[in-house]
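For this one, chain A is given, so just place chain B on it according to the hints.
So the sequences go chain by chain: A and B.
Under our numbering, the first residue of the first sequence carries the number 5, and numbering increases by one thereafter.
Under our numbering, the first residue of the second sequence carries the number 1397, and numbering increases by one thereafter.
Worth double-checking, as some hints may not be accurate.
To be verified - SDA-like mimics (lysine to any residue), calculated; alpha carbons at most 20 Å apart, straight line: (1) B:Lys1530 to A:Glu165; (2) B:Lys1530 to A:Val345; (3) B:Lys1559 to A:Met329; (4) B:Lys1530 to A:Val343; (5) B:Lys1530 to A:Ser157; (6) A:Lys191 to B:Ser1719; (7) B:Lys1530 to B:Val1454; (8) B:Lys1575 to B:Val1518; (9) B:Lys1739 to A:Ser157; (10) B:Lys1575 to B:Ala1591; (11) B:Lys1530 to B:Tyr1611; (12) A:Lys69 to A:Asp330; (13) B:Lys1739 to A:Ser163; (14) B:Lys1575 to B:Tyr1655; (15) B:Lys1739 to B:Asp1617.
Note that these hints are calculated values from the structure, not bench results.
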Amino acid sequence: MSNIGNQKGAALAPDAEAPGAASPRGKAPHPLRAALGGGGNAAILKRVAIIGGALVIAIAVALLKSGSGLVVWQSVVTGLLMGGLYGLIAMGLTLIFGVLDIVNFAHGALLAVAMFIAFGVVQGTGLHPYLTLLVAVPALFLIGGVVHRGLLSGTGGGSLENQLLITLGLSLLLENGLLMFFGAEPKTVTLPGDFQFGLFGAVVTGARLYAFVGALLLGALLFWLLRRTRFGTAIRAVAANGPGAELVGINVRRIHTLTFAIGTACAGAAAVLAAPLITVTPTLGEQFNITAFVVVVLGGMGNVGGALVGGLLIGLVEQLTTIYMDGQSSLLGVFVVFVVVLFLRPQGLFGRRA
Amino acid sequence: MTGITIAGGTGPAGRGGTGRATKAPPLRPQNRQLAILLVLLLVAIPLPLILPSAQGAVAVRILIFLLMAVGWNIMSGFGGMFSFGHAAYFGLGAYTSAYLLVEHGVSPWIGMLAGMAVAAGVAVVIGYFAFRYKLQGAYFALATFAFAEMLRLIVTSTEFTNKAVGFSVPLIQGSSLWKIQFAADSPAYFWIALALAGLAGAASILFLHSRSGRYVTAIRDDELAAASLGTPVMRHKLMTVALSAAITAVAGAFYTQYYLFVNPDLAFGSSVSIQAIATVVIGGIGTVWGPVVGAIIVGSLSDVTATLLRTPPDFLNFLQGRSGLDVALYAILLILIVRLLPKGIVGTAMARWRR
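The following block holds chain A by itself, in its conformation from the complex:
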């Protein structure tokens, strides 16, 4: 899975996998190595060790600061559970970046659209919230395809700045469209039969657990799709070398549209899973968008496996921030990590410097 490398971003997403990208199924490298994005095993182990060490220190400091093991444990559990969702959202974003080289600023707004679809369906038909996956995911898949065909492909969507501006305009349009149709009052989606249980002292709600497990399952599905199917092989081939893929008979434009659609469908799935956990407002996409960008950069742009790990890390960072800094928004810590990573490791935690 790892790097959906691309020739332009090669410096940032090294193509350790590129030669294997077009290879027939079954030749995929070791999954763990693949998940962490190329590089030698020793280097990967070292990096994992560094990150793990940093985490241990961060948690230890949090313990000292709060003085209560239970508080920290609760944060770690909540952070990881939320992190799984961030990972799923970011996977879609990073997939789009890796294959199409588009920085999709509308990802969060599309997520908000999916949440309103879920809300509307639950409200209108009284369906179980998770069953709205069957509506929201295909709807977002379609929207994604239409957006790509209509706005982003062809000549007008050329440069990076233009694509950025188009997706930015789209996010404004979607957000304000939702505001116009649904109004600004926050809405809630309640999960019937939600429960709580204790996990070594930490309180976990069923909705959170389901969201986490669902995100992991969907992530695994995406993993399988990319690694084990012909279609996934074609996607990776296009990512590694567009003109080359075209030469061997892959319809690149079609793959681009489908990839964009799959990416937004990820946002749709994540939206349904997250809907019972938060209040639904038209502008909620913005915050998820920011977080997803941080996760994407952390995991390495275009690195789907990295996105999941990055999501878990950011979930933790968010929770630990609230322990470290009283009264500060949890996003502040996320941004600090973001800026440090942007400056020091723009290729992501698991990428190699070219």
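Chain B alone, transformed into the frame defined by chain A:
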């Protein structure tokens, strides 16, 4: 910066006069642009006396947009450094002047200068790190965005800046130029904003044709080539960023004085950055007059939609009392412009003109 603009403002006007009288060779582009700016300013001066007072507020808003757009255009249009976080500088200008005024009774004019200095300083620091670590394209945009959001979060939760409440400008009896406070519908606001916008426009024109401006456009077009010819890349980029931030800070400081109120979201929210970007992109990125055209369009859009919704046509009835239409419209405009006229209105018109 003010020094430069004053010196430049008088020079070209004189030259423009002599140039026309003697039918001398055509004006240098710099002087021609300054002459056009002067004419525009002269045309705009009587506007508040002609327009109904409700339109006066729109005109002032257009000028605030114009200031922001001119600031953003210098960095991202001329300099090619696509900033996604100009809210940082707008907010620093707004907060510095509001803080000095509310807590220490300092005149907003001095607060404005202080805000410019603070914004320029912060911009140089952010810019230094971004250029030092060679952030480009999406990464640069994301980094600038992150800094603006960090400032917003810090301001929102700091006692020193009144947390989420922000600052309200204390009202004074009567009007005062020194405190920039007049009756709500006074044309003085418009004239002050016009003067500031004129200075900013002149600064941007002079900058574009200055040594630094030429260097930075060369760097934008090909950084490697420019650097290999000995251009001090870092210094000129930082100067560009500082000037851009300072002008944006003026917009923020004036905004506070005009609306008498500022809070973290109004000052540092991402919508501020987006407004600056959308204005320039619609008008024409990297052109001198693009920000003017863009500001007129984007600035008047919310008023147009407000009048539209006051007496909505039948099919828009459901929108009554809902917000969001103006932003949705300029989002559509932004998408259409990028798709159909990637050079913006002014850029496309100029390309046609030359052909």
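Each hint tested on the structure:
Note on Lys1530 of chain B and Glu165 of chain A: the hinted pairing holds, with a Cα-Cα distance of about 17 Å set against a maximum of 20 Å. Of the supplied pair hints, the one linking Lys1530 of chain B and Val345 of chain A holds, its CA atoms being roughly 13 Å apart against a limit of 20 Å. Distance hint between Lys1559 of chain B and Met329 of chain A is fulfilled; the C-alpha atoms sit about 15 Å from each other, no more than 20 Å. A threshold of 20 Å between alpha carbons decides the hint, and for Lys1530 of chain B with Val343 of chain A the separation of about 13 Å falls inside it, so the pair holds.
As the CA atoms of Lys1530 of chain B and Ser157 of chain A are separated by approximately 29 Å, the hinted pair breaks the 20 Å bound. Between Lys191 of chain A and Ser1719 of chain B the CA atoms are separated by roughly 17 Å; this keeps the pair inside 20 Å, and the hint holds. Of the supplied pair hints, the one linking Lys1530 of chain B and Val1454 of chain B is violated, its CA atoms being roughly 40 Å apart against a limit of 20 Å. Straight-line distance between C-alpha atoms of Lys1575 of chain B and Val1518 of chain B comes to about 26 Å, which puts the hinted pair past the 20 Å bound.
With a C-alpha separation of about 18 Å, the suggested pairing of Lys1739 of chain B with Ser157 of chain A holds against the 20 Å cut-off. Note on Lys1575 of chain B and Ala1591 of chain B: the hinted pairing holds, with a Cα-Cα distance of about 16 Å set against a maximum of 20 Å. This hinted pair checks out: Lys1530 of chain B and Tyr1611 of chain B have alpha carbons roughly 18 Å apart, not beyond 20 Å. Distance hint between Lys69 of chain A and Asp330 of chain A is fulfilled; the C-alpha atoms sit about 11 Å from each other, no more than 20 Å.
With a C-alpha separation of about 12 Å, the suggested pairing of Lys1739 of chain B with Ser163 of chain A holds against the 20 Å cut-off. Under the criterion of a C-alpha separation no larger than 20 Å, the hint pairing Lys1575 of chain B with Tyr1655 of chain B is consistent with the structure, at around 14 Å. Between the alpha carbons of Lys1739 of chain B and Asp1617 of chain B the distance comes to roughly 16 Å, so the proposed pair stays at or under 20 Å and holds.
Hint check: violations occur at hints 5, 7, 8; the rest are consistent with the structure.
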